[in-house]
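Enquirer: If you're matching them up, the sequences are chains D and R in order. Taking this note's numbering, the leading residue of the first sequence gets 54, the next gets one more, and so forth. Taking this note's numbering, the leading residue of the second sequence gets 8, the next gets one more, and so forth.
With a straight-line cut-off of 25 Å between C-alpha atoms, the simulated PhoX-like cross-links for lysine-lysine are: (1) Lys191(D) x Lys112(R); (2) Lys58(D) x Lys55(R); (3) Lys25(R) x Lys125(D); (4) Lys148(R) x Lys10(R); (5) Lys72(D) x Lys50(R); (6) Lys125(D) x Lys112(R); (7) Lys70(R) x Lys25(R); (8) Lys190(D) x Lys70(R); (9) Lys232(D) x Lys239(R); (10) Lys50(R) x Lys232(D); (11) Lys232(D) x Lys55(R); (12) Lys25(R) x Lys219(R); (13) Lys70(D) x Lys56(R); (14) Lys178(R) x Lys239(R); (15) Lys56(R) x Lys190(D).
Derived by calculation from the structure, the hints in this document are not laboratory data. Quick caveat: nothing in here was measured; it's all calculated off a predicted structure.
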Amino acid sequence: MAEYKMTTPLSDEDIIKLKAGDSVFLSGVIYTARDAAHMRIVASLEKGEDLPFDPKGQVIYYVGPSPARPGKPIGSAGPTTSYRMNSFAPILIAKGQKGMIGKGKMSQEVKDACVKYKACYFASIGGAAAVVGQAVKKAEIIAYPELGPEAVRRLEVEDMPLFVCYDSHGNDLYEMAKKEWANRL
Amino acid sequence: MAKVREVSVKDVEQAVYKMALDAAYHIPEDVLAAEKEAYAKEKSEVAKKVFDTIFSNIEVSSKEEFPLCQDTGLGILFVEVGQDVHFVDGYIVDAINSGVERAYKDGYLRKSSCHPLTRANYGNNLPAIIHTFVVPGDKVKIVFDAKGGGSESMSKVQMLKPADGRDGIVKTVVDWVIEAGPNPCPPTIIGVGIGADFERSAVMAKHATLRKVGEPSTDPDLADMEKEILTKINNSGVGPAGLGGLTTCLAVHIEMEPCHIATLPLAINTACHVNRHKETEL
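For reference, chain D alone in the conformation it holds in the complex (with noise of 0.2 Å):
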């Protein structure tokens, strides 16, 4: 189990050595994106609209933060669950987004196109958000205000704790883990 450190935009040759279970601390900016912005996103690229960001290698976050207080970047800002994102992370791993960052299981499609396309899916502790939401250190929405805590916002994040959980050699961290410590009591 290996720890990087990362900047984004993230590239194929940072993608291949990323291996699951290992630790990334990432830096740099990254977009957020859940369930309301992802379906206007693949809409617009369906219509050959422009889209909020160019997803060439970009790590989207899948998160609704919470409103900021005066004088803080964001509130809480932990992963919402990923899943609902199965339909999506396709599309736009094709259009060159090199990661994603959420909590819990994604489909074999996600997990086949992270290792066709070469990319990763990351996850984060849910519902440690007020922790999590220290590494961002600037937040701006860029699209789709209307959405509310489900905008797209530009982050800037400085070692931004995250596992790797799918890599782009097949492997699924949630799945080794289980097996390691299934029967133990």
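Following the hints, position chain R against chain D.
Expert: Just chain R now, kept in the frame of chain D:
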């Protein structure tokens, strides 16, 4: 005849406001105690690290009044109204909704209620979901439960066949929780409602998540079942945050009521590791 006691809905509004804020920032003591106990027994180093993050989150959240989770939930209320109570100064449902709306605005809590089809966010976290029960006496007991969408989505009602029996119930719950795996933010608290009818089983299951964590059912048969289900779930290896370990679930709480001879309703309600809820009596 019993004397009617007047309760101002303004007091209800204020109580709901306070509970909603308190629930968002401060974890229930029994939940934290159960997590400390689980930490001591945990053998996985990764699981211990996840617990460390959970504990440090609890501390930061409480000290800086940052919500424990960005999903501050819909407001779910269990309201037990003594039959000798008369509410004055307005309508109690309006008062509860006002308390929730004010808390979510003043406390920088996330507004998560939306139109089911258009998904447009209402921006006020309303309406609250209110379960009312008429009970003996002249008191009003209000439990506020801030229920997030991640754990709620890993819940279900299933109409079993009477022949499925005890073993069928155990298997259905265990399989469901293990399949949900990392999704609902384990370690979870699993509420189970057995019997009654379709909708009542679901209310029992949610109510069961609010019992003091780990306190066994007063029915010895149910207490046995709770233990058996808990052991089977924790033998899955899913672990805290799904990253492996011995603590997938902190407790299983079962409630049961009589059902129809043709039915065996079973409801499973999943609560995540923050299980935010507060209680007030007026």
